[in-house]
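Asks: What follows is the residue order along each chain.
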Amino acid sequence: MARFLIRRTFQGLLVLWLMTLTVFGIFFVGPGPKFVARVLAGRQATPQTVALIAHRLHLDQPWYVQYWHFLVGLLHGNLGYDYYNNQPVLKVILSALPITLSLVVGAAALWLVMGVATGIISAVKTRSIWDRTFTTTALFFYSMATFVLGLLFILIFYSFLTNHGIPIFAAPGAYTPITQNPLTWAHDLILPWFTIALVSAATYTRLMRGSMLDVFGEDYIRTARSKGMTERRVIFRHNMRASLTPIVTQFGLDVGVLIGGAIITETIFGLPGIGWTSLKAVFAQDLPLVMGVVIVASAGVILANLLVDIGYAVLDPRVRLH
Amino acid sequence: MAFNIQAAVDAGTVVGEAPPGIAGEPAKKIEGKSPWVLAWRRLRRDRAAMIALGGIVFIVALAVFAPVVATITGHGNLEQFRTTGLDPSGQPVRPSGTFWFGTDDQGRDLLVRIAYGARISLFVGVVATGVTVLGGTVIGLAAGYFGKLIDSILARFMDWLLAVPFLLFAISLFSVVQVHPIGPIKPGLPIVIIVLGFFGWASVGRLVRGQVLSIREKEYIEAARALGAGPWRIMFVDILPNLLAPLIVYTTLLIPVTIVGEATLSFLGVGVPPPTADWGQMIGSASGIFLYGPWWYLVFPSAALLFTTLAFNLFGDGVRDAFDPRGAMTA
Chain V
1 MARFLIRRTF QGLLVLWLMT LTVFGIFFVG PGPKFVARVL AGRQATPQTV ALIAHRLHLD
61 QPWYVQYWHF LVGLLHGNLG YDYYNNQPVL KVILSALPIT LSLVVGAAAL WLVMGVATGI
121 ISAVKTRSIW DRTFTTTALF FYSMATFVLG LLFILIFYSF LTNHGIPIFA APGAYTPITQ
181 NPLTWAHDLI LPWFTIALVS AATYTRLMRG SMLDVFGEDY IRTARSKGMT ERRVIFRHNM
241 RASLTPIVTQ FGLDVGVLIG GAIITETIFG LPGIGWTSLK AVFAQDLPLV MGVVIVASAG
301 VILANLLVDI GYAVLDPRVR LH
Chain F
323 MAFNIQAAVD AGTVVGEAPP GIAGEPAKKI EGKSPWVLAW RRLRRDRAAM IALGGIVFIV
383 ALAVFAPVVA TITGHGNLEQ FRTTGLDPSG QPVRPSGTFW FGTDDQGRDL LVRIAYGARI
443 SLFVGVVATG VTVLGGTVIG LAAGYFGKLI DSILARFMDW LLAVPFLLFA ISLFSVVQVH
503 PIGPIKPGLP IVIIVLGFFG WASVGRLVRG QVLSIREKEY IEAARALGAG PWRIMFVDIL
563 PNLLAPLIVY TTLLIPVTIV GEATLSFLGV GVPPPTADWG QMIGSASGIF LYGPWWYLVF
623 PSAALLFTTL AFNLFGDGVR DAFDPRGAMT A
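Protein chains in written order, with the numbering used here: chain V, 1 to 322; chain F, 323 to 653.
There could be a bad hint or two in this list.
[What the hints assert, rightly or not] Simulated restraints on C-beta separations:
| hint | chain 1 | residue 1 | chain 2 | residue 2 | range |
| --- | --- | --- | --- | --- | --- |
| 1 | V | Lys91 | F | Pro563 | 54 to 62 Å |
| 2 | F | Gly396 | V | Gly165 | 34 to 42 Å |
| 3 | F | Phe468 | V | Ile190 | 45 to 53 Å |
| 4 | F | Met372 | V | Asn181 | 50 to 58 Å |
| 5 | F | Tyr614 | V | Val314 | 50 to 58 Å |
| 6 | F | Gly396 | V | Lys91 | 54 to 62 Å |
| 7 | V | Asn85 | F | Ile373 | 50 to 58 Å |
[Claimed, not checked] Below, simulated BS3-like cross-link-like pairs (lysine-lysine); rule was C-alpha separation at most 27 Å, straight line:
| hint | chain 1 | residue 1 | chain 2 | residue 2 |
| --- | --- | --- | --- | --- |
| 8 | V | Lys34 | V | Lys91 |
| 9 | F | Lys470 | F | Lys540 |
| 10 | F | Lys508 | V | Lys34 |
| 11 | F | Lys508 | V | Lys280 |
| 12 | V | Lys227 | V | Lys125 |
| 13 | V | Lys280 | V | Lys91 |
[What the hints assert, rightly or not] To be clear about the criterion: a stretch of chain V counts as covered by chain F if any three or more of its residues have a C-beta under 8 Å from a C-beta of chain F, and this derived list gives those stretches:
| hint | segment |
| --- | --- |
| 14 | 3–16 |
| 15 | 145–155 |
| 16 | 271–283 |
| 17 | 289–297 |
Everything labelled a hint here was simulated from the structure, so no lab data went into it. These figures come from a predicted structure and were not determined experimentally. Where a beta carbon is used, it is the ideal one built from N, C-alpha and C, also for glycine.
So that you can see chain V by itself, here it is in the shape it has in the complex (with noise of 0.2 Å):
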C-alpha cells in the first residue's frame, strides 16, 4: 500500500508538471505575451509603455527564465499574482472555491441518489412500466447537452414562471454563502444543482442497472436465493454491494473533474466559481490565474482517480493494490 501511494504520486507529480509545461508552452506560442501588455496599456499607449508593462510584468523575459520563476514561487507555496488585478492567484482560488463546492456537494448528492435509486428500480423490475420510464428519461437526459439543459431551465423556471407571477426559483447570478443562510443557498442553487445532476444521474441509472443485471446473472446470487434468502436481501446485500464499483469509478471521476469547475454550468448562471474564473482567466490569457487554475483542475482529477483505486480495494476485498 505504501509502495503503491508513492508510486502513484509521483506519477500524479509527472503528470502536473507537464501540464505546466503545456500550459505555458501554450501562452509564449500563441499571443499571450503580447495580448496581456496592450490590453493593460489601453487603446492609445505607444508602444514604449507597452514595452514598459510587458518588462514590468517579466513578459519580456524568455519563457524558460518565467517558468524558473513560477516553479521557484510554486515551491514556496506562491502561485503569483494575476496580471489585471494584482491579486494573489491562491487567493482568487479560495475565493472562487466555495462556491464550486457548494454547486459539486449539492448536485453530487441528487445524481448519485437519482441515479443508483432508479437503475436499481429498472434492474429490479425489468421491463416493467417503471423500467421502461426511468431509462427512456435517461436516454433523454444523457443526449442533453449541459448548457441547453441549463438554459432551458432558466427559461421555464425562472423566466416563464417568474413572468406568470410564480417566483419559485432564484434569478440566475444568485448565490448566498451556506454560512449566511443554509436554506437561501440550496433555494439559490437548485437550478444549477439539477442541470448538472440530470444530466449526469442519467450515466449511473444506465451503469447501475447493467451492473446489476450482469450481477444477478452470477452463481453467488443464485446461491443465495437456494438459500431461501429473501429477495430484499440478495438485492440489497448481495448485489448492490457488487454493482456499485463501476459507480465509485464513475463517481470518483465526475467529481473530480468538476471540482476543476462545472465551466457551463458555472457560465450559465453566472455563479463566479473556480469555472467561471478559469474561462474568464483563459479568454483574458491570464497566465498565473489559468496556471493556478489548471493545477487545481488537474490535482482533483488526479486525486479523484487515487480514491478511486483505493476504493475499489475496500469495497471488493479481491483487489490488491500494487
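Given chain V, work out where chain F should sit, using these hints.
Replies: Then chain F, alone, in the frame of chain V:
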C-alpha cells in the same frame, strides 16, 4: 458510456459455419450466417433503433436539402431581413407564416439557419469521430502489441490527456491558431475537429489496448508469428478484425458525444465562427437575449441539437444490443 465490450467481441468471433454436405447427396443449401448478418437482422427487428435511424435520416436530409428549405421559404441562409425580420426596436420577430421558426438577432430566418446548421453538426460529428477512432485504434494497437516502454510512455500520455481540463485547453489552442495558423489549421472547422480528435482518442486507445493485451496471447497469433508474419501484419490483419464489432458500437455512441462537443465549443465562441450557421453558436447568442422575449431563438436550435443526439444515442444503443445479444436479452 458503459457497455459490455467483451461480450460484443465474443459475439464477433463466433463464426457460424454451415456443416459440409454429405458426400454423394446434393448438398442441401444451408445458409452460413456471419455475425454481421445476424447483428443486422437483430438491429432491423429493434423498433426503437429503426425509429432512431429514421430520425438520423431526417436530419441528414435536412442538411443535404438545406438549400431547398431556403428556396421554399424564399429566405437565404445569410440574408438579413432588417425590415420584416426585426421589429421596430430591432428585436427578432416571433414565429409566423413568413418566418416559421421566427428570426434571430440579425433578422435572419431561423428555420433556414437550423437546416444549414445541421451540415456543420453532422460533418463534425462524423469526421471528428472518425479521426478519434482511427487515432485511438492505431495508438491502442501499438501500445497493446509492443508493450514495455512504448506502452508505458503512451499510458502516461493518456493519463495526462485525461487529466487535462478539456475546455480550457481547447480555448487556449483556439487563441494560438488565431495568431499563428499552422498550415491549414486555423480557427473554424479544422481546429474544432483537431481539438475534438486530440482530446478524444485516449478513451478509444485504452479500450483497444485492453483488448489487444488479451488477444495477442492467443494461439493463432503465435501461429501467425511462427509463420513469419511481421508486427504490422499481425496487428492489422490478425488482431484488428476482432475489434471491429466493439469499435463500430463505440463509434456510433461517440458521434452524439462529438456533436455535443462541437456545439459546446461554438457556444463558447471558439468553434465555428459567424456568420456560418451553427447550432451551438445560435444557442450562444440566444443565451444573451432570450430572457427579454425571443424564446424561439433558444428553443428551436436546442430542440434540433437534442433531436440529433437523441436519435444517435437511441440508434447506438440498438447497435450495441445487436452485437451483444446477451445484453439485449437482459436489457
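Asks: Now, for every hint given, state plainly whether the structure supports it.
Replies: Each hint tested on the structure:
1. V:Lys91 <-> F:Pro563: 54 to 62 Å: holds (57 Å)
2. F:Gly396 <-> V:Gly165: 34 to 42 Å: holds (40 Å)
3. F:Phe468 <-> V:Ile190: 45 to 53 Å: holds (52 Å)
4. F:Met372 <-> V:Asn181: 50 to 58 Å: holds (53 Å)
5. F:Tyr614 <-> V:Val314: 50 to 58 Å: holds (52 Å)
6. F:Gly396 <-> V:Lys91: 54 to 62 Å: holds (58 Å)
7. V:Asn85 <-> F:Ile373: 50 to 58 Å: Given range 50 to 58 Å: holds, Cβ gap about 54 Å.
8. V:Lys34 <-> V:Lys91: Measuring from Cα to Cα gives roughly 26 Å; hence the hint holds.
9. F:Lys470 <-> F:Lys540: Distance ~19 Å between Lys470 (chain F) and Lys540 (chain F) Cα, so the pair holds.
10. F:Lys508 <-> V:Lys34: holds (20 Å)
11. F:Lys508 <-> V:Lys280: The hint holds at about 22 Å.
12. V:Lys227 <-> V:Lys125: Given that 27 Å is the threshold and the Cα spacing comes to 22 Å, the pair holds.
13. V:Lys280 <-> V:Lys91: Holds. Lys280 (chain V) to Lys91 (chain V) sits at ~16 Å (cutoff 27 Å).
14. 3–16: holds (count 3)
15. 145–155: holds (count 8)
16. 271–283: Holds, because 4 residues of the segment 271–283 of chain V bring their Cβ atoms closer than 8 Å to Cβ atoms of chain F.
17. 289–297: With 4 residues in contact (Cβ-Cβ under 8 Å with chain F), the coverage given for the segment 289–297 of chain V holds.
Violated hints are absent here; each numbered hint is respected by the structure.
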